[in-house]
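2 protein chains.
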Amino acid sequence: MQGNIMARPLLISGLIEHATLTHPDSEIVSRRCEGDIHRYTMKEAAQRSKKLANALSRLGAKQDDRIATLAWNNHRHFELYFGVSGMGAILHTINPRLFPEQLVYIINHAEDRWLFVDLTFIPLLEAIKDQISNIEGFVIMTDEAHMPETSLTNVLCYETLIQDESDEFEWPEFDENQAASLCYTSGTTGNPKGVLYTHRSTVIHAQAEIAKEALDIGSYSCMLPVVPMFHVNAWGTPYAAAMTGAKLVLPGPGMDGASLWELIETEKPDLLLGVPTVWLMLLNHMESIGKKLDSVNNVVVGGSAAPLSMIKKFQEDHGAFLVHAWGMTEMSPLGTANAKTRLMDSMSLEERYQLQLKQGRPVCGIEMKIVDDSNNEMPRDGVAYGRLLVRGPWVISSYFKNDDQSSFIDGWFDTGDVATIDPHNYLGIVDRSKDVIKSGGEWISSIDLENEAIGHPELIECCVIGVAHEKWDERPLLLAIRKEGSNVTAEEIKDYLSDKIAKWWMPDDVVFVASLPHTATGKLLKIEVRKKYHDYLLKAENA
Amino acid sequence: MQGNIMARPLLISGLIEHATLTHPDSEIVSRRCEGDIHRYTMKEAAQRSKKLANALSRLGAKQDDRIATLAWNNHRHFELYFGVSGMGAILHTINPRLFPEQLVYIINHAEDRWLFVDLTFIPLLEAIKDQISNIEGFVIMTDEAHMPETSLTNVLCYETLIQDESDEFEWPEFDENQAASLCYTSGTTGNPKGVLYTHRSTVIHAQAEIAKEALDIGSYSCMLPVVPMFHVNAWGTPYAAAMTGAKLVLPGPGMDGASLWELIETEKPDLLLGVPTVWLMLLNHMESIGKKLDSVNNVVVGGSAAPLSMIKKFQEDHGAFLVHAWGMTEMSPLGTANAKTRLMDSMSLEERYQLQLKQGRPVCGIEMKIVDDSNNEMPRDGVAYGRLLVRGPWVISSYFKNDDQSSFIDGWFDTGDVATIDPHNYLGIVDRSKDVIKSGGEWISSIDLENEAIGHPELIECCVIGVAHEKWDERPLLLAIRKEGSNVTAEEIKDYLSDKIAKWWMPDDVVFVASLPHTATGKLLKIEVRKKYHDYLLKAENA
Chain A
-1 MQGNIMARPL LISGLIEHAT LTHPDSEIVS RRCEGDIHRY TMKEAAQRSK KLANALSRLG
59 AKQDDRIATL AWNNHRHFEL YFGVSGMGAI LHTINPRLFP EQLVYIINHA EDRWLFVDLT
119 FIPLLEAIKD QISNIEGFVI MTDEAHMPET SLTNVLCYET LIQDESDEFE WPEFDENQAA
179 SLCYTSGTTG NPKGVLYTHR STVIHAQAEI AKEALDIGSY SCMLPVVPMF HVNAWGTPYA
239 AAMTGAKLVL PGPGMDGASL WELIETEKPD LLLGVPTVWL MLLNHMESIG KKLDSVNNVV
299 VGGSAAPLSM IKKFQEDHGA FLVHAWGMTE MSPLGTANAK TRLMDSMSLE ERYQLQLKQG
359 RPVCGIEMKI VDDSNNEMPR DGVAYGRLLV RGPWVISSYF KNDDQSSFID GWFDTGDVAT
419 IDPHNYLGIV DRSKDVIKSG GEWISSIDLE NEAIGHPELI ECCVIGVAHE KWDERPLLLA
479 IRKEGSNVTA EEIKDYLSDK IAKWWMPDDV VFVASLPHTA TGKLLKIEVR KKYHDYLLKA
539 ENA
Chain B
-1 MQGNIMARPL LISGLIEHAT LTHPDSEIVS RRCEGDIHRY TMKEAAQRSK KLANALSRLG
59 AKQDDRIATL AWNNHRHFEL YFGVSGMGAI LHTINPRLFP EQLVYIINHA EDRWLFVDLT
119 FIPLLEAIKD QISNIEGFVI MTDEAHMPET SLTNVLCYET LIQDESDEFE WPEFDENQAA
179 SLCYTSGTTG NPKGVLYTHR STVIHAQAEI AKEALDIGSY SCMLPVVPMF HVNAWGTPYA
239 AAMTGAKLVL PGPGMDGASL WELIETEKPD LLLGVPTVWL MLLNHMESIG KKLDSVNNVV
299 VGGSAAPLSM IKKFQEDHGA FLVHAWGMTE MSPLGTANAK TRLMDSMSLE ERYQLQLKQG
359 RPVCGIEMKI VDDSNNEMPR DGVAYGRLLV RGPWVISSYF KNDDQSSFID GWFDTGDVAT
419 IDPHNYLGIV DRSKDVIKSG GEWISSIDLE NEAIGHPELI ECCVIGVAHE KWDERPLLLA
479 IRKEGSNVTA EEIKDYLSDK IAKWWMPDDV VFVASLPHTA TGKLLKIEVR KKYHDYLLKA
539 ENA
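Those protein sequences? They're chains A and B, same order as listed. All letters in the first sequence, in the order written, are residues -1 to 541 by my numbering. All letters in the second sequence, in the order written, are residues -1 to 541 by my numbering.
No wet-lab data here; the hints were simulated from the structure. Take the hints with a grain of salt, since some may be wrong.
Said to hold, decoys possible - Some chain A residues near chain B, calculated using beta-carbon distances under 7 angstroms: (1) Arg6; (2) Ser302; (3) Leu536.
Said to hold, decoys possible - Quick look at which bits of chain A chain B covers, simulated, 3 or more residues with Cβ under 8 angstroms: (4) 154 to 163; (5) 172 to 182; (6) 477 to 485.
Don't be surprised by glycine CBs; every beta carbon is placed ideally from N, CA and C.
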């Protein structure tokens, strides 16, 4: 029997309408590509989203059309988030750090019709313009005064495009499962894969994300998402801002320590969101100029694991709590968050730091389990390793235009991570499943080994892979880049590790290299390293 | 085009599963009918919910079956919330304050199969047992030691029913629009009407409710919902507790000031939820024993409007912020909440109190508008009065087994309230639309007049109604109950009002009465007063 409740769809337009009526004066502050700081209110942003929707309609954009962006975190990108999805079209946010051939691939695969581009990224498009002929026109996200010379054709100016449009627009109503936005992963193998979010998934994700147990966002908040709006919708922060009326500070192209510090000093955010690399730059900059954070309560770290030193530095030097979060493009992205708890309050700082190193507990709505090679569930004891499977109303069920269902198991998504889950449902990411080393039936975490090895003062980057071994199937091999001038030996590194890891985890050899290969987004490309060194131990033994 | 997201249903079982895994140690403390305080953890509650689901299955309960409760806020009622809805049956929470003939009506109308009853309410059932023959059995919510003598037949003991059941139960998956719970309104006219909530509406409502802009609930919270679990699911607090891991303090039958204070002193809640009458009793009790609240941050008040004196008393004597909320059984119930804002921080206390008197801003998900008699939208200027219409994913689209669609207008629900909406989307409830007085084309709020009149020190209750008038259609008539021994006159009351209200609002007469009629839930039954006095002014003029 069905209940008697209105069948109201959960739509992104509902968020911006709520914001317009309820939080009209909330501020959105952006560093623009043009160089200055732009500030306006939520109500103005909403009105300009409607002008944009009218302009897109005039251009002929229809429901389902893909409208792409190559843009920083700024106010015009915010308007695109609501204007494009709100009218029923699909916002495709492109990661400008992809290689040119990947850009070509995804623009064609997505069948983008228009592309909105920040001044910074015009050269990227000029270089590939002949290979993306499906694009009907480029809209340069600036005003007439800043329009550049370009070899692109069918070029419009954003401000001119919208200026004469009405700021009234009746957002259409449609099924909440309508696609709203599209984001491609930059995988380490093959072509990027598209993740097509729905209005429903976006709204439910935002609602879950603002909860205290997740990112703790409300109208009092002032958020600085350094995580890019081209990367999983800046972790949903634009939607969360509309939902709550939080102030939004958008750093534009200024992701370096000095630019971020300038914004922090003037706008006083209490919530920062980004990857560890960004915070390392910020912490170094603040140290160099002798400044401390005083407005910041929480720093949300995702993308890769936060090191202990960073958790401590934020806490002890800046009084800021580091909220370790974990998610994936395939998860909108939020899976878990390690928010402060009552239990932590009663712990010593050292105990608390150890807990903070974990990726946190699932946000309400996300289910997770770890399984063995036969997909049997493994215990939540904090010790057992297993492949991490997740499901929930903002997790994908397939990739965009892709029949491959190999990542989907009985309705669960295989994250490709190996993890532990403890009795309080804290997730600990151990390794990527393709990187974990299977030695004599036991698993060794390549990440744990790398983290220990990088502690050696003469190493600047480490990569641990499993290589073929006649007796144990696989054994760990450590590749390392030495500091300039260092002559540290393999034996010295192994000595250094000997009291830090289990004996059977000891890498069989240490190879010093001049460089290591990386993906477009800076992750180690272990697949290439493995290819090169696969037979390393076999050869050594045969030699 | 649909996105590629898992079709995961939003189910109540998902909340309790999340709680079991993520917040197993959260406390639930109850005052039991048996007289003592009971405490256990969320994990134990979840296990007992599963035992209950197994027991119900053994009794033959199936999806869609209505399982009724007549119970206070306590741990067994909590288990029923999750066990019954979780297994796909429908939890019908009965208001024991209804008149016997209304109890008979709703038990039969709902077609309840089993009825779970607290010790307190057994006599209510014994009195009507011959008229509710559809009930297959009664489960008394106690243990064997406390089982009473009763004339009810087919009686089971709750603890005995569940004790041998397994605490493993696979919650079934079904459509999120499946009915989850049923609650009847105690209207002032006709039979009570049923509101049938869905799993989807319950989960989305809980998620919206915990937001900072709404009731601000997280794992740090300790909630004391005095609002009954038989009244719109205690405003959703049991679901919110499972979602967040908040500690839940359930007052059982102890709704008086002394019992509440005892719980507050020992359990230290930071969030209280209830109707003004309850807080009046608590405030009086604390005053009489010279105690202050020290753990409480927020007091959520709904059901009827909080008077200014209460807002001030909580703030100035107890350091607690009164969150004025507004909702309806038909809205799950939360519509608006008047949470603290940054703007309030910059106001004088007097300005802030004036704003706190409003019912607050819509929770994200609820849309509202005011309309005139032709259903044209009226301005959001804080001045214009109109009929309040709402819509949203937790608002009803019809009453249970009821074809009457007169409250539904173009997909909006007509709340039956007359209200203002200001430019920041704050709602001000002016009157019930059937009570507002239409005098010469202008509207007069009967509630505003009552609130002013009750300020006179010699009156103890007031009722203002519109009565027929030859020239103005309707004019206000004030009926009042004097304090014992008072001889205050109609002229003296009018003098008192003369500088407090607009001249044309002045009641045409003041009639002193010995008593006024009320509904089962304590609301003035103005319909009866109007019937009696409809021609009062016509007769007076004719006389």
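Hint check:
no., hint, verdict
1, Arg6, "holds, 4 angstroms"
2, Ser302, "violated, 24 angstroms"
3, Leu536, "violated, 42 angstroms"
4, 154 to 163, "violated (count 0)"
5, 172 to 182, "holds (count 5)"
6, 477 to 485, "violated (count 0)"
Violation of the numbered hints given earlier is confined to hints 2, 3, 4 and 6; the remaining hints are satisfied by the structure.
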